[in-house]
Amino acid sequence: MENAALLKEKVQEGFMVEGMEDMNEEYLKALKQTLTIVGDTELLSVPPLLTVYDQAPTLNNKITALAIMQDEIGHAHIAYRLLKDLGEDTEELLYNREPNRWKNPYAFDFELSNWIELGVFNALFDRAGYTLLGDAGEHTSYGPWRRALVKVDKEELFHLRNGEIIMKSAVKDPELKKKVQEAVDWMFIMGLEFFGVADNLKSRSQQIEYKLKGRTNDELRQKWLSTAVPFCESIGIKVPAHYDEATEKFVIDVPFPCKFDAENKKWLTDQPDTWENVIKRFKSRGPQNQQFVERIQQGAKELEKLRNEAV
Amino acid sequence: MTAVSTDTQKYWNALKEVMDPEFPISVVDMGLIYDIQETNGAVNVTMTFTAVGCACTEWIKGDIENRLLEEQEVREVNIEVVWDPPWTVDRLSEEARERMKNWGVSSR
Numbered sequence: 001m002e003n004a005a006l007l008k009e010k011v012q013e014g015f016m017v018e019g020m021e022d023m024n025e026e027y028l029k030a031l032k033q034t035l036t037i038v039g040d041t042e043l044l045s046v047p048p049l050l051t052v053y054d055q056a057p058t059l060n061n062k063i064t065a066l067a068i069m070q071d072e073i074g075h076a077h078i079a080y081r082l083l084k085d086l087g088e089d090t091e092e093l094l095y096n097r098e099p100n101r102w103k104n105p106y107a108f109d110f111e112l113s114n115w116i117e118l119g120v121f122n123a124l125f126d127r128a129g130y131t132l133l134g135d136a137g138e139h140t141s142y143g144p145w146r147r148a149l150v151k152v153d154k155e156e157l158f159h160l161r162n163g164e165i166i167m168k169s170a171v172k173d174p175e176l177k178k179k180v181q182e183a184v185d186w187m188f189i190m191g192l193e194f195f196g197v198a199d200n201l202k203s204r205s206q207q208i209e210y211k212l213k214g215r216t217n218d219e220l221r222q223k224w225l226s227t228a229v230p231f232c233e234s235i236g237i238k239v240p241a242h243y244d245e246a247t248e249k250f251v252i253d254v255p256f257p258c259k260f261d262a263e264n265k266k267w268l269t270d271q272p273d274t275w276e277n278v279i280k281r282f283k284s285r286g287p288q289n290q291q292f293v294e295r296i297q298q299g300a301k302e303l304e305k306l307r308n309e310a311v
Numbered sequence: 001m002t003a004v005s006t007d008t009q010k011y012w013n014a015l016k017e018v019m020d021p022e023f024p025i026s027v028v029d030m031g032l033i034y035d036i037q038e039t040n041g042a043v044n045v046t047m048t049f050t051a052v053g054c055a056c057t058e059w060i061k062g063d064i065e066n067r068l069l070e071e072q073e074v075r076e077v078n079i080e081v082v083w084d085p086p087w088t089v090d091r092l093s094e095e096a097r098e099r100m101k102n103w104g105v106s107s108r
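So the protein sequences, as listed, match chains A and B.
Going by this note's numbering, 126 is the number at position 126 of the first sequence; the sequence numbering is gapless.
Going by this note's numbering, 104 is the number at position 104 of the second sequence; the sequence numbering is gapless.
Note that these hints are calculated values from the structure, not bench results.
Wrong hints could be hidden among the right ones.
List time: in silico DSS-like cross-link candidates among lysine-lysine, alpha-carbon distance up to 30 Å [claimed, not checked]: (1) A/K238 to A/K177; (2) A/K154 to B/K61; (3) B/K101 to A/K172; (4) A/K178 to A/K259; (5) A/K223 to B/K101; (6) A/K151 to B/K16; (7) B/K10 to A/K84; (8) A/K280 to A/K223; (9) B/K61 to A/K168; (10) B/K101 to A/K10.
Some chain A residues near chain B, calculated using beta-carbon distances under 10 Å [stated by the list, open to error]: (11) I68; (12) Q70; (13) E155.
Predicted model only: the values in this text are computed from it and were never measured.
All C-beta atoms, glycine included, are put in the ideal place defined by N, C-alpha and C.
Please work from the sequences and hints to get the whole structure.
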């Protein structure tokens, strides 16, 4: 397809795609897929955060947590609004989509156990969001998205710093420090999985070729590790990764990917897994997937019911 | 003897390093700091927030306190939050405006 090759060359040379007239079908499809993942991820980050927000130790902590959730809903709105401009039926997408069709990360299909986990969620998962969206903000060839990401980038940094503050203050208390370690033990490897399949298992990527994003999965994973590992180490929290001087890269110290015991939120690091199985696990969804999506859709469904009754 | 410092410039400079949690603009450039006084190692800061419902009041106050305590002679920091005069965008410094313009964020 000559059209595709030409568009790929143009965007690699810095051409900014501004509207549908600048795209081909392939670009549009890859862009829609990307924005759906982004919107779903932003929106579905809220239900897990809500599971523990009433455990906030102070009123101001609680307001901060709510401000973060408000940001996330705003970010989701941006992604869905861009999808709407691209011709997607966002009402249908939001309120009539089956829970297992949502594209949020597996890590968001879990209830949090305590306030500390909210901090680790912000510090590790929002860091992953910050890494991924920061890359798009720097490289994406889709102009409307790139401009919208300026604000998103700043806000994600705020979430990440909130997580670091919660973790930093918790480790001063030995009991709470244990909770931080327990949270990091399951959430760190979840964070690694955010970036997806290892590069050597991916033959090609439309996202990269059309420059929807700039860096590969493994490059982004390294970028996340380059700040997540030093931060955790600086507060005395152990993580299963270290910096290797010789290769100048972060090395993961456990088999990755490996099997996960969803019921106990524990990684079975003695049972290495394949990415194929990981994708299967993602697709079969985590324990709270249905409940969380239903919560998002509940208001719209109830209103619809009332409307029908009135008629 | 009470030593009232007339030169609090160093504390203003110190607070230029304390960033708003959302946009990396200092609390000084945000126009949140109204006054700084120092008496015998006690620094009194009069400040405001951009909104009464600001989600980060404790966070920002903590950051200000910690930064000022890094100064050798400072042994206590008292922060008084006032709502009069209220904060408006007019309080943003020129530097803050420029940076926000760069990010495509309106400062009006």
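These are the hints, each one checked on the structure:
1. A/K238 to A/K177: 11 Å, holds
2. A/K154 to B/K61: 20 Å, holds
3. B/K101 to A/K172: Since the Cα atoms of B/K101 and A/K172 sit roughly 40 Å apart, the hinted pair is violated (cutoff 30 Å).
4. A/K178 to A/K259: 23 Å, holds
5. A/K223 to B/K101: 28 Å, holds
6. A/K151 to B/K16: The hint holds at about 22 Å.
7. B/K10 to A/K84: Outside the cut-off at roughly 51 Å; violated.
8. A/K280 to A/K223: Holds, because 26 Å separates the two Cα atoms, which is no more than 30 Å.
9. B/K61 to A/K168: 16 Å, holds
10. B/K101 to A/K10: 29 Å, holds
11. I68: 8 Å, holds
12. Q70: Interface hint status for A/Q70: holds (9 Å vs cutoff 10 Å).
13. E155: 6 Å, holds
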